[in-house]
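Let the sequences and hints guide you as you build the complete structure.
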Amino acid sequence: MGELGVGRPTKRRAGSAVGGLPVADPRPVFDGAAVLGTRCAACGYPSAQQGPPWCPVCYGELAAERFAVTGAVWSSTVVAIPVGTRKPPFGLAYLDLDDGPRVLVRLAEAEVLAPGTRLAITGTDDGDLVAGKVAGKVAS
Amino acid sequence: MLWGVGTSSFGRFPEHRVESLAWSAIREAVRDAGVSPGDIDAIVVGSVFGPPGVATRVQRGVGLPGIPMWMVENACASGTSAYHEAVEAVRRGRFGCVLVLGIDQMSTLFSGAIVPEATDPEGASSLPLPGLYALQAQRYVAEYGVTPEQLAAVAVKNKGNGADNPRAQLRSSVPTVREVLESRMIAEPLTFLQCCPTSDGAGAAIVGGDRGNPRDLRIEASAMVSGALWDHRSQDVWGFASVERAARQAFAQAGRAPEEIDVLEVHDAFTIGEVITLEALGLAPRGKGAELAPSGHTARDGAQPVNPSGGLLSRGHPLGATGMAQLAEITWQLRGEAGARQVARHRVGLVETMGGGAAGMDGNACVVTILSTE
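Going down the list, the sequences are from chains P and R. Per my numbering, the very first residue in the first sequence carries number 1; after that it's consecutive. Per my numbering, the very first residue in the second sequence carries number 1; after that it's consecutive.
By construction, these hints were calculated from the structure, which means they are not laboratory data. There may be inaccurate statements among the hints.
Label-pair ranges, simulated between beta-carbon atoms [as the list claims (entries may be wrong)]: (1) P:Gln50 / R:Thr56: 33 to 39 Å; (2) R:Arg27 / P:Ala114: 51 to 57 Å; (3) P:Gly19 / R:Thr373: 50 to 56 Å; (4) R:Ala340 / P:Pro52: 50 to 56 Å; (5) R:Asp39 / P:Pro89: 53 to 59 Å; (6) P:Val29 / R:Pro52: 29 to 35 Å.
Glycine included, every Cβ here is placed at the ideal spot set by N, Cα and C.
Next comes the structure, spelled out in structure tokens:
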């Protein structure tokens with residue numbers, strides 16, 4: 001029975017990086033200068049979701065928006081187990097972009113940061129947003 | 001009314017067919033309820049990973065052809081979401097006797113932690129579920145000064161309870177706070193012994209109307225809420241608001257206050273989960289939930305025992321089955337049938353199951369139900 005399930009697709013879509021079939025990338029988009037998303041023309045709600053039909057808060061019309069790459073940490077952690085092809089340790093944080101949405105970023109350095117720590121998104125790695133501390137060493 | 005409950009054992013059983021896990025739970029629930037299988041007039045099944053068609057394959061063995069049957073997937077709250085639909089259907093007179101089943105077999109899908117879903121923005125960014133809970137925990141460490149020892153106390157308490165649960169997956173040894181903290185790091189600050197195992201199992205219940213049977217439990221409340229946006233406007237940690245919404249509805253339905261609950265089974269997939277859930281249920285103010293385990297308030301012999309079964313941390317967490325396993329424990333506790341795990345006061349019990357993982361939402365769903373012997 002040890003071989004049961006080995007090497008066959010499962011209900012979980014793990015993605016092509018770990019042997020599954022490829023899926024459309026659902027992550028926020030960084031174009032090198034800004035995080036792309038939408039802002040509601042009526043209530044101003046910012047979102048990094050791609051292509052929602054209307055504002056999920058007030059049902060208003062959405063317009064394309066470019067969000068600042070800087071923001072403040074809401075919370076962060078260092079993951080100590082491998083996840084897919086990602087080798088530990090790696091740091092993750094929820095980053096509240098200035099006047100923008102909360103996005104999950106990978107930390108340039110794997111360390112727990114105090115809430116409020118200022119970060120800037122500096123690039124992507126394998127599609128993940130990567131952010132580093134604004135004051136001090138910033139990954140390029 | 002809740003007529004009867006049953007569960008399989010919980011553990012990793014890749015050698016068992018998935019429907020055999022279900023059948024053992026269903027057999028026990030039907031006998032416990034004192035009904036004939038033919039009395040059942042609908043089936044609701046909660047499962048996350050299926051496999052697809054599992055409900056029909058279960059149905060094939062129990063001899064209930066053609067009756068209404070449907071499947072619910074609400075992440076870790078799938079089992080109790082199925083239960084909630086059964087309760088509502090009976091309350092509104094649609095059915096007289098409903099079989100609820102929660103089931104998942106994860107050992108044939110994952111060798112360790114759940115692989116994140118690549119179609120989800122945060123799953124694609126390699127955020128594992130313990131990482132999501134670790135982000136809650138770090139916020140609580142920074143905002144309220146919650147300590148690693150307070151978190152570890154939840155694991156010590158629940159694993160101590162689980163040692164007396166013959167159906168629990170992890171019952172061989174009860175760690176100390178120090179051993180919990182010295183187990184290997186998974187996602188800071190959560191260590192290995194603060195994370196539930198991946199499991200196989202099934203839980204079943206029979207829900208029906210008031211038939212005047214003194215063993216039946218009154219379902220004073222059942223509330224199910226779906227998720228809401230969790231974003232830059234949210235001041236509470238992920239998950240808190242969804243539990244709070246369901247709790248408010250349930251306490252209003254039952255006409256009860258949190259301090260009236262004698263015994264609880266709540267969603268402790270990770271230690272911080274129990275802390276935040278108890279705050280959202282109103283057992284402690286924000287930031288004070290971490291004191292409940294160390295103070296003994298939630299111990300089996302405390303004022304309000306929480307997770308006397310051992311919780312997800314010890315019993316295991318076969319996602320769709322978990323809510324039904326919680327419901328079974330509360331049923332046994334309220335009837336005074338919990339053996340070595342029996343709590344002293346057992347008039348009113350509460351089950352809370354929270355399912356989540358979809359990025360940007362405060363949960364996929366949360367169910368809170370309140371039962372009593374009255």
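Now the hints, each set against the structure:
no.	hint	verdict
1	P:Gln50 / R:Thr56: 33 to 39 Å	36 Å, holds
2	R:Arg27 / P:Ala114: 51 to 57 Å	54 Å, holds
3	P:Gly19 / R:Thr373: 50 to 56 Å	51 Å, holds
4	R:Ala340 / P:Pro52: 50 to 56 Å	52 Å, holds
5	R:Asp39 / P:Pro89: 53 to 59 Å	56 Å, holds
6	P:Val29 / R:Pro52: 29 to 35 Å	32 Å, holds
The structure is consistent with each of the numbered hints, conforming to all of them.
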